[in-house]
Amino acid sequence: MKKIILTLLIIGLLAFLGYKGIEMYQFAEGVKKDIPHFKKTIRYQKIQNGDIIFHTSKSNQSKAIQLATDSKYSHMGIIYENNGELYVYEAIQPVQMTPLSEWINRGENGQYVIKRLKNANEILTNLSLKKMKQIGEQFKGKPYDIYFEWSDDKIYCSELVWKIYKQAINIEIGKLEKLSSFDLSNETVKAKMRERYGNNIPLNEKVISPVAIFNSDKLETIFEN
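The sequence shown: position 104 = 722 (the working numbering), numbered continuously.
Worth flagging that the hints you see were computed from the coordinates, not collected in a lab. Keep in mind it's a predicted model, so treat the numbers as computed, not measured. A hint or two may mislead.
Simulated pairs of lysine-lysine, DSS-like, Cα-Cα distance not exceeding 25 Å [what the hints assert, rightly or not]: (1) Lys-781 <-> Lys-793; (2) Lys-810 <-> Lys-784; (3) Lys-681 <-> Lys-751; (4) Lys-772 <-> Lys-784; (5) Lys-751 <-> Lys-836; (6) Lys-836 <-> Lys-824.
Label pairs and their in silico Cβ distance ranges [as the list claims (entries may be wrong)]: (7) Lys-664 <-> Asn-818: 24 to 32 Å; (8) Ser-719 <-> Gly-816: 12 to 20 Å; (9) Asn-843 <-> Arg-812: 30 to 38 Å; (10) Ile-819 <-> Ile-741: 15 to 23 Å; (11) Asp-835 <-> Ser-677: 22 to 30 Å; (12) Leu-821 <-> Ile-741: 30 to 38 Å; (13) Trp-768 <-> Glu-726: 25 to 33 Å; (14) Thr-806 <-> Asn-701: 23 to 31 Å; (15) Phe-841 <-> Asn-817: 40 to 48 Å; (16) Leu-745 <-> Ala-809: 27 to 35 Å; (17) Leu-794 <-> Asn-700: 39 to 47 Å; (18) Asn-817 <-> Lys-758: 28 to 36 Å.
For glycine and all other residues, C-beta sits at the position ideal for the given N, C-alpha and C.
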């Protein structure tokens, strides 16, 4: 009788341990699946209105921009929060707000860098951010400028960011240059120049590149993956 009771106890214990083992496995699998979500949540909590985000575009002009400006990154925009969701205000075709997750997925390998004004907590007040959005609204819907002209009729990515900061809060992020200051010697760059300008390359055109803003001493890196 004692043997029967002992056997039943052992069987019961094994069944209990087996059940708990399954529970622990399911819990571990659930945690594993949620890790990307947890990481994303923690990462997104670091983001503030007005942050500047960079990535390597997959567009057909990206390689030429990288080579000409000696930069890994070829596209950028400003992050804003709207109704609890994060968006990137960017100059593509046309200028528009793009959900942050969608913007990130458009870049090479989902890699990106987020930068912020070093004294953002003092400068980017609610009033300043409101003004930035108002200035940005003037460019909304405008076509992307494939010729990189310094005008407001059409606009390119780094020009949009530079002008919003300059016109809204009088901060110049990145040094303005001339097209002639870029390295135009690579064949990929030459081909893109010929495609855009023919034999009339506007070497004296005022420009601002993504890397000029990226390297600005007014910014600090908040996140990169």
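Hints, one by one, checked against the model:
no., hint, in the structure
1, Lys-781 <-> Lys-793, "holds (12 Å)"
2, Lys-810 <-> Lys-784, "violated (29 Å)"
3, Lys-681 <-> Lys-751, "violated (30 Å)"
4, Lys-772 <-> Lys-784, "holds (17 Å)"
5, Lys-751 <-> Lys-836, "holds (20 Å)"
6, Lys-836 <-> Lys-824, "holds (21 Å)"
7, Lys-664 <-> Asn-818: 24 to 32 Å, "violated (46 Å)"
8, Ser-719 <-> Gly-816: 12 to 20 Å, "violated (40 Å)"
9, Asn-843 <-> Arg-812: 30 to 38 Å, "holds (36 Å)"
10, Ile-819 <-> Ile-741: 15 to 23 Å, "violated (37 Å)"
11, Asp-835 <-> Ser-677: 22 to 30 Å, "holds (28 Å)"
12, Leu-821 <-> Ile-741: 30 to 38 Å, "holds (35 Å)"
13, Trp-768 <-> Glu-726: 25 to 33 Å, "holds (28 Å)"
14, Thr-806 <-> Asn-701: 23 to 31 Å, "violated (42 Å)"
15, Phe-841 <-> Asn-817: 40 to 48 Å, "holds (43 Å)"
16, Leu-745 <-> Ala-809: 27 to 35 Å, "violated (46 Å)"
17, Leu-794 <-> Asn-700: 39 to 47 Å, "violated (30 Å)"
18, Asn-817 <-> Lys-758: 28 to 36 Å, "holds (35 Å)"
Hint check: violations occur at hints 2, 3, 7, 8, 10, 14, 16 and 17; the rest are consistent with the structure.
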